[in-house]
Amino acid sequence: MDKKEILHLKRIATNIRKNILRATCAAGSGHPGGSLSIADIMTYLYFREMNVDPSDPKNPDRDRFVMSKGHCAPVLYATLAERGFFPKEDLTTLRKTSSYLEGHPNMKSTPGVDMSTGSLAQGLSTAVGMALAAKLDGKGYRVFVGMGDGELEEGLVWEAAMAAAHYKLDNLICFVDYNGLQIDGKITDVMNPEPIADKFVAFGWYVQSIDAHDYNQIEQAVENAKKQKGKPNMIVAHSTKGKGVSFMENQAGWHGVAPKPEECEKGLAELDAYLASLDLEEQSL
Amino acid sequence: MANIATRQAYGEALAEFGADERIVVLDADLSKSTKTDVFQKKYPNRHFNMGIAEANMMCTAAGLASCGKIVFASSFAIFAAGRAFEMVRNSICYPNFNVKIGATHAGISVGEDGASHQAIEDIALMRSLPNMSVISPCDAVSSRFAVKAAIEHEGPVYLRFGRLAVPQIYDENTEFEFGKGVLLRDGSDVTIIANGLMVQYALEAAKILQEQDISARVIDIHTIKPIDRDIIIKAAKETGCIVTAEEHSVIGGLGSAVAEVVCSEYPVPVKMVGIQDQFGKSGNPYELLKLYGLTAENIAAKAIEAMQML
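Top line first, the protein sequences correspond to chains G and S. Start counting the first sequence at 236; every next residue gets the next number (our numbering). Start counting the second sequence at 1070; every next residue gets the next number (our numbering).
Do not take every clue at face value.
[As the list claims (entries may be wrong)] When the alpha-carbon atoms are kept at most 25 Å apart in a straight line, the in silico SDA-like pairs for lysine to any residue are as follows: (1) S:K1111 x G:P430; (2) S:K1110 x S:F1154; (3) G:K370 x S:S1197; (4) G:K293 x S:G1224; (5) G:K403 x S:G1137; (6) G:K370 x S:N1165; (7) G:K370 x S:D1089; (8) S:K1249 x S:P1295; (9) G:K343 x S:S1197; (10) G:K374 x S:K1249; (11) G:K239 x G:Q518; (12) G:K464 x S:M1070; (13) G:K293 x S:K1110; (14) S:K1110 x G:K464; (15) G:K464 x S:N1114; (16) G:K293 x S:G1137; (17) G:K464 x S:D1089; (18) G:K461 x G:H243.
[Claimed, not checked] With beta-carbon atoms standing in for the labels, derived distance ranges: (19) G:H401 x S:K1249: 26 to 32 Å; (20) G:E516 x S:S1197: 29 to 35 Å; (21) S:P1113 x G:N294: 49 to 55 Å.
None of these hints come from the bench; they were simulated from the model. Glycine included, every Cβ here is placed at the ideal spot set by N, Cα and C.
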């Protein structure tokens, strides 16, 4: 991608970040920290990579995305809305009783959601089934998965990892959003899942490590994964929890707490300032 | 007519109906026991061993179903319904996928393997899940129907099969209906409601009662969910009392389901023959059935107890 294309993606990601704040604030609950940290990867996937059509969300040949860390529904919804699957105005109905945007993704209620998730590790495991279906049918679609680093503590992750390698699911491309934090603190203090990359290598995966907020690295890793044959793909994406909102960055406390209106305003102002800086950058190109 | 295990009938039915390209069969390293190996030999490219990893098997089944497949996922009942319960709940039932759980080796008739492998709570678990249907067929003929019904049904189905060879109860040409109980023997003094392995003992019990001039009605409730309320209420009204018989705990299974129906519509005494809230043990299956009171004699005795409450 050239600099202009990257700026375009950064603008989209910033709008997604703004809507994560707006939605969780309006809901009074939700998970901003881990939603913000994976926003750049989501932007790349839905705006540069995935074969999806908002007017045909159930097309059997589409690429799939599974938000295995289902609590990051806010970033999934914000990305889907930005991509045109449903109106952006509806994002602030998140978690309300009458809303089609539930606290954790429900494929029966939200257009564009490929799998219902929320119970950690089950998303990855269902993605194995989707990738297997593609192989069985000789179809070329890919299955992308977004996971948390704390999520790797679930045993089911490793059952799925074993099966993915056993069945040579090279059409499976997973990201671990490696922000180092979970609810009760640092992952290394709570239940250390490290070394993460080494574990997936040992399980027979093709593993790459990147900066989750660098679009060139995201692009390169995805392209490498697509070329590689025979192994499922893991992209360990080093990220900052709460990325883009200064007072949320690197804070375990912002895992599952919604910003209050004043905090939301503060965050939006920072993101607007960032947008302005992107404009300046574009002018100097 | 030779006795055939319902798990054997399951395996053969899968192979019989398996030409449908949408059908995919998963197993967890038990295909020789669950008999999915019969399907595997015929359609090897649509059978996937998921290894000793039941939770992943259930979610993989969900993923396949999300791509249009009709998936049969098999293991022993204790692992299929027990170990992978939350995956069945959240990944199969909640999104309402076309996954059919072929659970074999249910109940204490598993025998020598012992308590760790004897599922006595799987019906209770599965029927508590929204969107899940539950069928426990008593013989090879009704097992074949159960598999066919599961394929035709839109949504999750739990199929409960046993290890032991059992007598043929139904004629090959019997017309079954999903969700409809079968009146095996009419009667007017008491109703015996059974399913699975206990159906043969229910029929024996009716003969024992006949010798004491007691007219017992016998009903096979193969589909515990959705349960046939009409046939149960009719029996309550016309016979006045009920005995249930199941190879399952008396907590939460067929007995509880029947009690739920009659208590809300037409309360009558309901006595339950089943495992009395205890774990099984290792032993010869037939000796275990006697040890745990799963016998025709016990059903007959409980029938008389129920009648004495009137």
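Okay, the hints, checked on the actual structure:
1. S:K1111 x G:P430: At roughly 43 Å apart (the allowed maximum being 25 Å), P430 of chain G and K1111 of chain S break the hint.
2. S:K1110 x S:F1154: 29 Å, violated
3. G:K370 x S:S1197: It is violated: about 35 Å lies between the C-alpha atoms, which goes past 25 Å.
4. G:K293 x S:G1224: Given pair K293 of chain G, G1224 of chain S holds - Cα atoms ~18 Å apart, limit 25 Å.
5. G:K403 x S:G1137: 21 Å, holds
6. G:K370 x S:N1165: Roughly 23 Å separates the two Cα atoms, so the pair holds.
7. G:K370 x S:D1089: 18 Å, holds
8. S:K1249 x S:P1295: 9 Å, holds
9. G:K343 x S:S1197: Given that 25 Å is the threshold and the Cα spacing comes to 21 Å, the pair holds.
10. G:K374 x S:K1249: 41 Å, violated
11. G:K239 x G:Q518: With a Cα-Cα distance of about 10 Å, the restraint between K239 of chain G and Q518 of chain G holds, given a limit of 25 Å.
12. G:K464 x S:M1070: 53 Å, violated
13. G:K293 x S:K1110: 33 Å, violated
14. S:K1110 x G:K464: 29 Å, violated
15. G:K464 x S:N1114: 20 Å, holds
16. G:K293 x S:G1137: Roughly 11 Å between the alpha carbons, so the hint for K293 of chain G and G1137 of chain S holds.
17. G:K464 x S:D1089: 30 Å, violated
18. G:K461 x G:H243: 23 Å, holds
19. G:H401 x S:K1249: 26 to 32 Å: 42 Å, violated
20. G:E516 x S:S1197: 29 to 35 Å: About 57 Å separates the Cβ atoms of E516 of chain G and S1197 of chain S, which means 29 to 35 Å is violated.
21. S:P1113 x G:N294: 49 to 55 Å: For N294 of chain G against P1113 of chain S, whose Cβ atoms are near 30 Å apart, the range 49 to 55 Å is violated.
Hint compliance for this structure: hints 1, 2, 3, 10, 12, 13, 14, 17, 19, 20, 21 are broken, all remaining hints hold.
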